[in-house]
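Participant: These are the residues of each chain, in order.
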Amino acid sequence: MDKAEILSIFQQVVEKPFNAYLERWVSGGGKICGYYCTLIPGEIFTAAGMVPYRMRGAGSEDTGLADVHMSSNVCTFVRHTVNLALEREMDFLSGIVCMNGCDQARRAYDVLKQKTKVPFHAFLSVPRASEERLLPWYKEELESLIEGLEQEFSVKIGPEDLREAISLHNSVRRKLIKLNELRKGLNPPISGSEALTVTVAAHLMPLNDFDELAGELLKATAGEEVPRNYRARFIVTGGELDEPEFLKAIEDQGGLVVYEDTCFGARFYEELVSGEGDPFTKIAERYFYRVPCARMFNSFSARYDNVEQIKRDYNADGLIAQRMKQCIINAGHLYNFTRRSRANGMPTLVLDREYLAGGYGQVKTRVQAFIENIESKSKKGAVR
Amino acid sequence: MTVLGKDRGKELETIYAGVGELLERHQGDPDSRAFNAFLLASKMATEGIVAAMDSGVPVVSYNLGGIPEILHALGDNENEVFPFSMEKVVALQSLVGDYKYNIEAIEIAEAQGMSSDVCSADRATLGNLAKKFLPEITCSVFVTAPCDSQTVLAESIKEETGEDVFLVDIPHLHGEREIKHVAEQLKDEIKFLEEKTGKKLNWDRLKEICEESNRMIDQALTWLDLRKTVPCPQTSKMLSSMYILLQDGSGTKGGTWVASEFAADAKERVMAGKSAAPNGERVRAIWFGSPTWYNTGLYDWMEKDLGMVIPVDMFSYVVPEMYVDTSNTETMLHDLARKQIYMPMGRHFTGLPDYFIDDLVRAARDYKADCALIAGHISCKHAWGMVGLLKEALREADIPALVFEFDLFDPRVAPVETLKQEFTRFADDIVLPRIRK
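Sequence order for the protein chains is A and B. Per my numbering, residue 1 is the first one in the first sequence, and the count goes up by one each step. Per my numbering, residue 1 is the first one in the second sequence, and the count goes up by one each step.
It cannot be assumed that every hint is accurate.
Stated by the list, open to error - Only pairs whose alpha carbons sit at most 25 Å apart, straight line, appear in this in silico BS3-like list of lysine-lysine: (1) A:Lys-139 with B:Lys-191; (2) B:Lys-180 with A:Lys-139; (3) B:Lys-274 with B:Lys-253; (4) A:Lys-139 with B:Lys-187; (5) A:Lys-377 with A:Lys-364.
To be verified - Partner residues aside, some chain A positions facing chain B, computed with beta carbon under 7 Å: (6) Val-68; (7) Ser-125; (8) Arg-128; (9) Phe-300.
It is worth saying that the hints were derived from the structure and are not from the lab. We put the beta carbon where it would ideally sit given N, CA and C, even for glycine.
Between the sequences and the hints, there should be enough to build the whole structure, so can you do that?
Facilitator: Here it is as structure tokens:
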């Protein structure tokens with residue numbers, strides 16, 4: 001298969017809640033467990049013989065049903081996801097596992113638990129700081145999840161199952177890391193919107209299938225350079241971002257997105273689980289100690305330093321910090337981030353957005369202005 | 001004007017002048033005994049802030065969801081450390097000063113890049129930090145309750161001041177396992193505080209402080225019991241100040257005295273057959289959610305014009321689980337952890353929806369309420385995220401409810417006139433016809 005064919009498959013995977021790969025998996029008797037945050041280890045579901053499935057709202061057309069239970073004061077990512085579930089578009093799930101990622105996501109769980117027919121529900125209380133003193137609690141929560149899955153689905157999740165799951169998840173991560181490395185080049189073989197499509201697809205299909213396709217994609221892109229007429233290279237940061245079309249809107253204006261420091265982006269695949277030692281502990285440590293997301297307290301400097309490093313590694317000109325309207329946690333993150341980045345001279349554009357809003361008229365205008373601003377400051381000239 | 005002999009900047013001076021004027025106006029008014037006690041506490045709180053600045057003692061900031069007992073017990077003597085909740089200044093500015101300074105602070109925070117989605121208490125605090133009139137802090141202790149905005153504030157305070165913050169992670173559920181987990185964290189918090197302030201925790205003093213806290217809870221529970229009387233004896237606007245008392249005055253003689261004045265006032269009024277509603281009580285409502293601190297005159301209007309009284313609200317919902325067993329260090333830490341988890345607001349806004357719903361339904365039953373007012377502060381995403389489940393539960397319990405949107409510190413979101421219209425329609429069209437039936 002060539003690159004276009006593989007990307008087209010991934011594109012189909014991300015468009016709707018249910019896709020052909022899941023259909024095949026379910027019709028073969030396989031089970032799928034939905035989850036709702038990057039701090040919930042997918043390896044545990046894989047070790048239970050299930051497909052880890054990151055719940056999201058793509059394919060939702062409105063939030064009417066969710067609005068009955070929530071309110072327009074809740075973010076549109078949450079409401080679209082809940083809406084799909086209430087429309088029974090997620091009835092293919094055998095379980096839903098959520099956590100206290102944010103106040104809005106945990107209330108999504110309350111609604112999903114009470115108002116959907118999905119048979120298994122579990123909730124993790126994940127500490128809000130990646131500090132050693134809190135790791136045992138996180139591990140207890142994961143142990144409880146494992147017990148729940150074993151009981152509900154009559155499976156046994158032993159160390160060997162976890163080791164195999166680590167191996168598969170790491171294989172996927174390695175491929176995504178390699179793919180992302182290609183974006184460091186001057187003329188990367190894939191665009192930002194294409195890269196995000198691939199990463200989002202990894203959340204939504206059996207990982208063996210994804211691993212195989214991602215391997216094909218790496219072969220198809222090996223050594224390839226695609227001349228791109230971009231005027232600035234960007235890192236996109238923030239929380240939830242699973243809409244490749246948002247990145248396309250940026251790229252259509254002359255920007256090239258070279259890295260997604262987001263939940264569906266690098267937070268998913270950066271940092272492998274160590275293959276040495278007790279696999280359960282290693283899984284817990286990878287998720288708990290990795291570069292923290294904005295919900296984790298005492299973590300701002302680590303996140304900021306990480307972005308600075310990425311900016312250097314990927315030769316980025318600036319940062320686009322996007323946030324879903326109503327998202328309190330990322331409001332705080334971006335407040336601190338923009339203040340420090342501006343003080344340090346890092347060009348930063350903050351974009352508040354609604355989920356599945358389409359159009360992106362305002363995004364385009366602001367990105368154009370941002371690019372012009374970068375160009376005028378750097379005196380690089382109009383086109384690379 | 002000066003406060004304790006020095007110029008302190010317009011913000012603190014306005015609070016101080018405001019509380020002074022209110023005290024003068026209400027002094028000797030037999031109907032204002034509880035309110036006067038609260039005003040006196042506000043005056044002392046303001047003086048406490050400036051005294052801490054003058055004395056140079058270590059200032060430890062803690063958040064709106066936190067409790068101060070451990071902070072008070074640092075050092076062998078009283079006042080060796082000043083526990084300081086920055087949001088208290090925002091509350092005082094609204095209640096006794098001039099709310100416009102809060103608006104100014106909110107606008108500063110927004111101009112610095114903070115989204116208006118974040119709670120106005122936290123935005124105003126960031127604005128106040130930028131104005132640089134608050135005491136400089138030595139370190140902070142924050143709990144992850146009641147909401148996301150509070151953790152945003154904690155991280156931002158750290159970034160702004162450069163001083164370390166210790167985080168007490170409040171788990172999702174509120175059972176024994178969770179209490180023990182928080183109690184273990186309190187041990188680490190103590191180590192952190194001792195290192196940062198240079199003051200050792202004095203366990204004998206912590207015992208005395210917890211005993212003082214218990215006396216405040218005694219008074220609060222007595223007070224709440226008296227407020228169950230029909231007609232409700234005491235004005236609704238006193239309710240939410242109980243939260244400030246718990247958060248700021250727990251473990252202090254002053255705090256206990258104010259709570260005892262609340263109870264004594266309620267008792268006097270019950271004995272005299274007085275009603276909070278001057279023209280007669282027509283509707284009893286449970287107020288759940290944040291108070292309209294930008295304009296507490298709303299409560300006076302409700303009582304006078306609608307005959308609508310609030311015997312209890314979420315901020316005043318003290319429960320016996322807030323007592324601390326002082327038998328030994330372990331029981332103290334265990335029960336302080338439980339108190340922390342069971343603090344009003346934190347208890348309601350974290351964890352299961354049932355924590356919120358059950359208290360509300362129980363309050364409606366215990367206080368013989370006719371209806372509920374669900375006060376939807378716009379940044380309370382946890383509450384908005386379960387509003388449908390809440391409405392269902394209230395329908396099932398046959399409690400008519402008005403859900404309204406506002407901001408507790410910012411009148412621009414929903415001016416008081418808008419709320420008056422909503423309350424009038426709710427009382428006239430929904431609640432009173434049911435009562436008449």
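Participant: Next step is simple, just say for each hint if it's right about the structure.
Facilitator: Results for each hint:
For the hint pairing A:Lys-139 with B:Lys-191, the CA-to-CA distance comes to about 24 Å; that is within 25 Å, so the pair holds. Taking the CA atoms of B:Lys-180 and A:Lys-139, the gap is near 16 Å; set against the 25 Å cutoff, the hint holds. A C-alpha spacing of about 29 Å is found between B:Lys-274 and B:Lys-253, which places the hinted pair above 25 Å, so the restraint is violated. Note on A:Lys-139 and B:Lys-187: the hinted pairing holds, with a Cα-Cα distance of about 20 Å set against a maximum of 25 Å.
Only pairs whose Cα atoms come within 25 Å are accepted, and A:Lys-377 paired with A:Lys-364 is accepted, the gap being roughly 20 Å. Taking 7 Å as the C-beta cut-off, the interface hint given for A:Val-68 holds, the closest approach to chain B being about 5 Å. Contact between A:Ser-125 and chain B, as hinted, is supported at the beta carbon level, the nearest pair being about 4 Å apart and thus within 7 Å. Checking A:Arg-128 against chain B: minimum C-beta separation of about 5 Å stays under 7 Å; hint holds.
At about 5 Å, the closest approach between the beta carbon of A:Phe-300 and any beta carbon in chain B falls short of 7 Å, and the interface hint on this residue holds.
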